[in-house]
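**Q** Could you build all of it, start to finish, from the sequences and the hints given here?
Count the sequence shown with mature numbering (1 follows the signal peptide of the UniProt record, and there is no 0) and you get residues -23 to -1, 1 to 84, in order.
Any given hint might turn out to be false.
Derived Cβ-Cβ restraints for the label pairs, each shown as a range [stated by the list, open to error]:
hint, residue 1, residue 2, range
1, Gln30, Ala64, 18 to 26 Å
2, Thr(-14), Pro41, 44 to 52 Å
3, Gly53, Thr(-14), 15 to 23 Å
4, Lys60, Ala38, 21 to 29 Å
5, Ala63, Ile33, 47 to 55 Å
6, Met(-23), Gly53, 53 to 61 Å
7, Ala15, Lys52, 53 to 61 Å
8, Arg43, Gly23, 15 to 23 Å
9, Thr(-17), Arg19, 29 to 37 Å
10, Gly5, Gly40, 21 to 29 Å
11, Ile(-12), Ala38, 47 to 55 Å
The calculated lysine-lysine pairs, modelled on DSS-like cross-linking and capped at a C-alpha distance of 25 Å, are [stated by the list, open to error]:
hint, residue 1, residue 2
12, Lys37, Lys52
13, Lys28, Lys60
14, Lys50, Lys37
15, Lys28, Lys50
16, Lys28, Lys52
17, Lys50, Lys60
18, Lys37, Lys60
Since the hints were derived computationally from the structure, they do not count as laboratory data. Model, not experiment: these values are computed from the prediction. Don't be surprised by glycine CBs; every beta carbon is placed ideally from N, CA and C.
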Amino acid sequence: MKAIALTLKTLILALCLAGASQAAPTAGTVNINTADAATLDRLLDGVGPSKAQAIITYRKANGPFRSAADLAKVKGIGEATVKRNAARISVGARPATPAAAKKVPAR
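**A** Here is the structure:
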């Protein structure tokens, strides 16, 4: 009888841990300027495959997003979706603008 109870407790614990691992992927951040459609779909709440593809299409046509708020410019993505995902969205480091190269006179 104790063996059955121990087996049931182990099974319940395993199921709880499995459920927690399914919820964990949304805890990460995603760089909306570099992520592929599958990653956007997986990590952003309220973004499915078609909206993820729309994000990539917009990014290719208009260049990188400057802020998370720019994501609302994508058709099908509203401000509520951006707010809901604000903690998950990253735009990455902006590349440094190269300083004008100084010309060194030839000697």
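**Q** Could you run down the list of hints and mark each one as holding or not?
**A** Evaluated hints:
1. A C-beta distance of roughly 23 Å is found between Gln30 and Ala64, which places it inside the suggested range of 18 to 26 Å.
2. Distance hint check: the CB atoms of Thr(-14) and Pro41 are about 48 Å apart, consistent with the given range 44 to 52 Å.
3. Between Gly53 and Thr(-14) the Cβ separation comes to about 44 Å, which falls outside the hinted range of 15 to 23 Å.
4. One distance hint, 21 to 29 Å for the beta-carbon pair Lys60 and Ala38, holds here, with the actual separation near 24 Å.
5. Evaluation of the 47 to 55 Å hint for Ala63 and Ile33 yields a failure: the beta carbon distance comes to about 20 Å.
6. Between Met(-23) and Gly53 the beta carbons are some 56 Å apart, a value that agrees with the proposed interval 53 to 61 Å.
7. Checked against the given bound of 53 to 61 Å, the beta carbons of Ala15 and Lys52, roughly 20 Å apart, lie outside it.
8. Range check, Arg43 to Gly23: Cβ separation about 22 Å, and the 15 to 23 Å hint holds.
9. For the pair Thr(-17) and Arg19, the beta carbons lie near 33 Å from each other, so the given range of 29 to 37 Å is met.
10. In this structure, Gly5 and Gly40 meet the distance hint of 21 to 29 Å, their C-beta atoms being roughly 24 Å apart.
11. At about 50 Å, the beta-carbon gap between Ile(-12) and Ala38 stays in the expected band of 47 to 55 Å.
12. Restraint check for Lys37 and Lys52: the C-alpha separation of about 14 Å stays at or below 25 Å, so the hint holds.
13. Taken as a hint, the Lys28 and Lys60 pair is honoured in the structure, with Cα atoms around 16 Å apart against an allowance of 25 Å.
14. Under the criterion of a C-alpha separation no larger than 25 Å, the hint pairing Lys50 with Lys37 is consistent with the structure, at around 13 Å.
15. As the CA atoms of Lys28 and Lys50 are separated by approximately 12 Å, the hinted pair is consistent with the 25 Å bound.
16. With a CA separation close to 8 Å, the supplied pair Lys28 and Lys52 stays within the 25 Å bound.
17. Between the alpha carbons of Lys50 and Lys60 the distance comes to roughly 13 Å, so the proposed pair stays at or under 25 Å and holds.
18. Taking the CA atoms of Lys37 and Lys60, the gap is near 23 Å; set against the 25 Å cutoff, the hint holds.
The structure fails hints 3, 5 and 7 (numbered hints given earlier, in ascending order).
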